[in-house]
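Throughout the sequence shown, residue numbering follows my numbering, covering 1 to 278 in sequence.
What the hints contain is simulated information worked out from the structure, not anything from laboratory work.
Computed from a predicted structure; not experimentally measured.
By construction, the Cβ of each residue, glycine as well, lies at the ideal position given by its N, Cα and C atoms.
Don't take every hint at face value.
[Claimed, not checked] Derived DMTMM-like pairs (lysine to aspartate or glutamate); straight-line CA-CA distance at most 25 angstroms: (1) 237 to 143; (2) 171 to 244; (3) 173 to 112; (4) 243 to 185; (5) 168 to 185; (6) 103 to 244.
[Claimed, not checked] Across the chosen pairs, the derived CB separations fall in these ranges: (7) 85 to 56: 44 to 52 angstroms; (8) 89 to 67: 39 to 47 angstroms; (9) 241 to 208: 22 to 30 angstroms; (10) 74 to 121: 21 to 29 angstroms; (11) 113 to 27: 36 to 44 angstroms; (12) 99 to 78: 36 to 44 angstroms; (13) 82 to 115: 13 to 21 angstroms; (14) 31 to 177: 17 to 25 angstroms; (15) 124 to 74: 18 to 26 angstroms.
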Amino acid sequence: MTRTRLLAALFMTPIAVGAVLFVDTPWLVMLAAILFLAGLWEWFRLSEIDDTLHRTVLLVANLALMVAIVWASRTPTGFSFVLFQIATVVGVVWWLLAMLWLKHFEFASDHDTHARMFKLAAGTLAVIPAWAALALIHGSDPDGHVWLLIALGICWAADSGAYFAGRKFGKHKLSPRISPNKTIEGFVGGLVAAVVVSLIAAPFAGATVAQLPLVAIVVVVTVGFSVVGDLFESLLKRHVGAKDSGDLIPGHGGILDRIDSVLAALPVFALGKGLLGF
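Model the full structure from these sequences, guided by the hints.
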């Protein structure tokens with residue numbers, strides 16, 4: 001399984017890096033919308049929306065919301081990111097509330113209409129703000145593309161660091177009821193890896209030496225939220241007895257399995273970057 005995961009990662013990573021660095025923001029935002037909506041399609045499955053027509057209608061509704069945000073952001077003199085900033089803040093608030101949901105495991109764990117409504121709302125509140133944060137980071141001048149790569153690199157480093165540290169040193173479960181394989185040692189290993197990667201990469205995005213402690217603070221918080229995103233998807237899978245959100249990516253499961261931490265991390269990173277001014 002490790003070999004399959006590695007080969008899949010070696011194939012996907014250069015494509016993602018190339019897109020972030022060399023594709024213009026409008027086109028990247030469109031590509032990200034396709035990717036995130038594909039993850040949302042899998043989210044609908046975990047929310048027990050089995051009818052293809054119902055899923056399609058819900059997906060089109062979320063696409064329409066994305067289009068509306070872009071359309072309403074046009075100005076006579078160019079483009080405004082205000083709506084993207086608002087969506088980003090909404091996303092951070094949502095993931096704070098998601099922590100309470102994780103604490104109360106049984107909430108919306110039944111299979112009736114009300115549980116599905118909560119999970120469908122959660123899907124929109126996870127995907128739309130993450131997409132908006134991606135646009136906000138990449139569209140910032142002059143090194144937004146590098147900062148977005150750093151934000152994604154934080155998630156990749158945290159995921160890889162947690163995987164290997166957990167296998168080597170993991171003894172204490174992080175959240176045994178939701179994700180038995182995650183350990184505190186793995187979390188610490190992922191956190192260290194993410195901070196190291198960010199401190200090495202941040203100067204290439206224009207961060208000064210004096211700003212590096214601020215970058216480290218944002219990264220620590222971002223990694224914490226990325227774990228919340230990962231755990232929340234695991235919670236959805238536990239509720240329906242699913243192992244993966246899909247089987248599209250060999251060794252990695254579905255698209256949502258790959259972007260669950262990113263959905264939570266991007267709004268937090270974008271907000272932290274904006275507030276601390278690096």
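Hints broken by the structure, by number, lowest first? 1, 3, 7, 8, 9, 13, 14
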